[in-house]
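Quick mapping for you: the protein sequence lines, in order, are chains A and B. So the first sequence is numbered by my numbering: it starts at 1 and just counts up by one. So the second sequence is numbered by my numbering: it starts at 1 and just counts up by one.
Quick caveat, the hints were computed from the structure, so don't treat them as lab data. Computed from a predicted structure; not experimentally measured. Errors might be hidden in some of the hints.
Copies of one chain are not kept apart here, so a pair can be met inside one copy or by any two copies together.
What the hints assert, rightly or not - Below, a list of computed lysine-lysine pairs in the DSS-like style, where the Cα atoms sit at most 25 Å apart:
#1 K41 to K27
#2 K39 to K26
#3 K254 to K268
#4 K53 to K327
#5 K267 to K151
#6 K136 to K220
#7 K267 to K19
#8 K120 to K320
#9 K167 to K291
#10 K91 to K320
#11 K187 to K115
#12 K274 to K250
#13 K220 to K327
#14 K78 to K187
#15 K134 to K274
#16 K257 to K267
#17 K136 to K257
#18 K257 to K268
#19 K254 to K136
#20 K115 to K79
#21 K91 to K187
#22 K26 to K115
There are 2 protein chains.
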Amino acid sequence: MKIVVDGFGGDNSPDEIVKGVALAIKKYSDLYVIITGDKDKLEELFDNYDIDKSRIEIVHTTEIIINDESPTEAIRGKKDSSLVVALNILKEREDVCGLVSAGSTGAVLTGAFMKIGRMKGVSRPALAPLLPTKNKGRVLLIDCGANMDSKPINLCHFALMGSAYMKNMFNIENPRVALLNVGVEDKKGNELCHQTFPLLKQLPINFVGNMEARDFLSGKYDVVVSDGFSGNVLLKASEGAIQTLMSILKNEIKARKMSMIGALFMKKSFKAVKKLMDYEQWGGSPFLGAKKILIKSHGSSFAPSILASIEQVIQINNDKLYDKIEKQIEETQDICEKLIENK
Amino acid sequence: MKIVVDGFGGDNSPDEIVKGVALAIKKYSDLYVIITGDKDKLEELFDNYDIDKSRIEIVHTTEIIINDESPTEAIRGKKDSSLVVALNILKEREDVCGLVSAGSTGAVLTGAFMKIGRMKGVSRPALAPLLPTKNKGRVLLIDCGANMDSKPINLCHFALMGSAYMKNMFNIENPRVALLNVGVEDKKGNELCHQTFPLLKQLPINFVGNMEARDFLSGKYDVVVSDGFSGNVLLKASEGAIQTLMSILKNEIKARKMSMIGALFMKKSFKAVKKLMDYEQWGGSPFLGAKKILIKSHGSSFAPSILASIEQVIQINNDKLYDKIEKQIEETQDICEKLIENK
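Generate coordinates for the entire structure from the input sequences, incorporating the hints supplied.
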């Protein structure tokens with residue numbers, strides 16, 4: 001299996017990207033990785049690892065896209081960047097099944113929209129991160145920011161893709177799919193929710209109704225469907241609130257000697273909480289609905305996250321998940337079209 | 001000063017509502033409170049307090065609106081409910097300057113829209129809760145759910161009202177107003193953000209640009225402007241994530257004896273964190289832009305929150321805040337209209 005990795009995307013690139021690739025090459029004997037970036041630097045880094053170098057191909061690039069750049073200008077302008085070259089390899093080489101990048105989300109998504117295109121029948125691809133839940137489970141949020149203004153048909157496709165992803169990746173028989181809303185009652189929400197709710201009810205998924213943002217991490221849902229704007233707010237508000245609480249707690253502990261002693265006793269519990277909340281360990285967010293497999297790894301990814309992202313590509317490919325999604329979208333195309341016409 | 005209080009709204013009504021009113025009557029010698037609800041029950045509860053009963057008027061009502069009811073049906077159908085009668089008193093009696101209710105948010109907002117109406121020039125009133133920030137400050141979110149599908153002009157009015165509120169209530173010279181978005185860059189966001197951003201830039205407020213949801217509680221902003229749907233997601237996702245983290249931490253402490261000992265040492269710090277995050281202590285959320293002062297107290301309000309909500313009415317009234325907002329809306333009406341025409 002061949003995978004392409006953006007060697008110079010993310011805060012900890014290229015060191016941690018190379019380390020992640022090395023871990024993957026060691027773990028999977030049938031894996032072949034193409035990595036883009038400065039050849040000399042990459043070769044130097046790979047020399048630190050005792051791995052089968054014949055399964056690594058370095059494609060030399062001279063540019064890097066950074067976070068502050070306009071995604072469209074960066075993709076158009078930096079044709080020899082590690083990301084654009086990686087996207088071209090994914091697009092053009094039939095034997096390459098997927099891409100992993102920890103680069104700027106905007107650039108990765110824009111590049112994917114421009115170069116990779118959509119799966120047949122999918123109205124819009126969507127970025128779908130996994131978050132940890134209260135009961136040590138996980139919930140998939142789709143979309144978290146790839147599409148700013150979504151239509152009901154887009155949300156139907158998000159629901160179908162999200163459900164198929166959770167079913168196949170985690171063996172969940174009947175993933176519970178919810179619609180992000182301001183309350184759980186059927187008629188709550190904005191115009192988009194009003195139009196989408198009855199459509200979701202008629203799809204061949206386990207649609208369990210509306211979800212309030214406060215229940216996102218409750219463990220009651222497997223898939224949360226949302227337009228990209230609200231989904232982004234949901235994701236980042238959750239992350240921000242957790243960081244805020246952690247920082248307040250830290251300050252209040254530091255302000256008291258007794259508490260600092262107490263914190264020493266609690267070290268293991270704090271560590272366990274941190275591990276539970278660390279969703280980067282699971283790899284990145286799949287860009288579901290794109291023509292080929294694309295995993296956006298977190299910008300601050302370390303080697304274990306890169307390895308996990310590569311493993312996501314492997315699992316999606318081995319499970320033929322994209323074929324399954326494409327088939328389901330095709331099977332429900334009539335339903336979707338009829339539902340929307342009848343409105 | 002005369003205020004009307006919904007005696008039977010909220011999880012802890014009527015006991016905690018009566019206690020809150022009693023505290024207010026004791027604290028403010030010129031306060032007169034009209035309270036709606038079952039007369040016998042309310043009289044019995046007030047008998048527990050040694051206060052000047054001549055400044056309390058009980059208006060007997062026979063119905064109660066509960067959380068699960070459809071707001072519109074409840075307001076239309078339950079004409080003798082404590083909330084509807086309180087709204088009618090606010091509407092009809094000129095000497096009554098404000099209302100406090102801890103009842104169902106939907107019913108309170110619907111009732112306010114139907115019975116109280118808008119301040120002159122305001123396109124839509126909005127619900128504006130205060131949240132605690134990392135640096136022990138506070139941030140106002142406007143709107144958190146009164147308007148599901150908002151227009152750019154609505155968000156302009158939210159910004160003007162929110163800025164005036166923070167300036168007058170907390171003596172903030174130049175409140176920093178931000179627009180909720182998916183990133184800080186000027187051109188980020190959905191169509192509503194694209195249209196609203198340039199309008200906010202031209203208003204006589206300290207508009208500091210777009211805000212990512214993760215920075216909501218960072219203390220960098222005084223007012224966060226949003227459509228009601230995304231604002232609701234922002235508020236509830238923040239609350240939910242904090243509750244989730246607290247519950248995970250609790251479980252991980254309980255799972256280890258050492259940690260439980262450590263937690264005893266940290267009691268004071270945990271208490272301090274809880275106090276910092278407890279925004280109910282500040283009272284309820286003003287429904288800014290309504291014709292008269294209306295404070296929606298949290299559904300689980302205890303007496304101190306009810307007292308704080310009553311104090312909000314007193315301060316808004318004494319500061320003539322609503323006159324100031326009305327004046328500013330009038331002064332900017334030309335700007336707003338021209339900005340929207342020119343688009």
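Status of the hints after comparison with the structure:
Within a single copy, K41 and K27 get their C-alpha atoms as close as 23 Å, which meets the 25 Å cut-off; across copies the closest is 72 Å, which misses it. Proximity of K39 and K26 under a CA criterion of 25 Å is satisfied intra-copy only: 21 Å inside one chain copy versus 78 Å between copies. For a Cα distance limit of 25 Å, the shortest separation of K254 from K268 qualifies both inside one copy, at 18 Å, and across copies, at 12 Å. Taking identical chains as interchangeable, the C-alpha atoms of K53 and K327 are never at most 25 Å apart, the minima being 38 Å within one chain and 73 Å between chains.
Proximity of K267 to K151 under the C-alpha cut-off of 25 Å is found in neither arrangement, the shortest distances being 47 Å within a copy and 49 Å between copies. Taking CA atoms no more than 25 Å apart as the test, K136 paired with K220 passes inside one copy only; the shortest distance there is 12 Å, against 33 Å between copies. Taking identical chains as interchangeable, the C-alpha atoms of K267 and K19 are never at most 25 Å apart, the minima being 29 Å within one chain and 42 Å between chains. Taking identical chains as interchangeable, the C-alpha atoms of K120 and K320 lie at most 25 Å apart only when both belong to the same chain, with a minimum of 15 Å there against 61 Å between chains.
When the C-alpha separation of K167 and K291 is checked against a cutoff of 25 Å, the pair qualifies only within one copy, where the shortest distance is 20 Å, while the shortest distance between copies is 52 Å. In this homomeric assembly, K91 and K320 come within 25 Å of each other (Cα to Cα) only inside a single copy, at 18 Å, whereas the closest approach across copies is 64 Å. Taking the shortest alpha-carbon separations for K187 and K115, only the inter-copy value of 22 Å comes in at or below 25 Å, while the best intra-copy value is 39 Å. In this assembly of identical chains, the alpha carbons of K274 and K250 lie at most 25 Å apart whether taken from the same copy (13 Å) or from different copies (13 Å).
Proximity of K220 and K327 under a CA criterion of 25 Å is satisfied in neither setting, with 28 Å inside one chain copy and 48 Å between copies. In this homomeric assembly, K78 and K187 come within 25 Å of each other (Cα to Cα) only across copies, at 21 Å, whereas the closest approach inside a single copy is 47 Å. Proximity of K134 and K274 under a CA criterion of 25 Å is satisfied in both settings, with 13 Å inside one chain copy and 19 Å between copies. Taking the shortest alpha-carbon separations for K257 and K267, both the intra-copy value of 16 Å and the inter-copy value of 12 Å come in at or below 25 Å.
Taking the shortest Cα distances, K136 and K257 sit within 25 Å of each other only across copies (21 Å), while inside one copy they are farther apart (32 Å). In this assembly of identical chains, K257 and K268 lie within 25 Å of each other by CA distance both inside one copy and across copies; the values are 19 Å within and 11 Å between. Taking the closest pair of Cα atoms, K254 and K136 come within 25 Å of each other only across two copies (16 Å); inside a single copy the shortest separation is 29 Å, beyond that limit. Taking the shortest Cα distances, K115 and K79 sit within 25 Å of each other inside one copy (12 Å), while across copies they are farther apart (61 Å).
For the homomeric pair K91 and K187, neither the shortest alpha-carbon distance inside one copy (43 Å) nor that between copies (29 Å) is at most 25 Å. Taking CA atoms no more than 25 Å apart as the test, K26 paired with K115 passes in neither setting, with 31 Å inside one copy and 70 Å between copies.
Against the hints set out earlier in the document, violations occur for numbers 4, 5, 7, 13, 21, 22.
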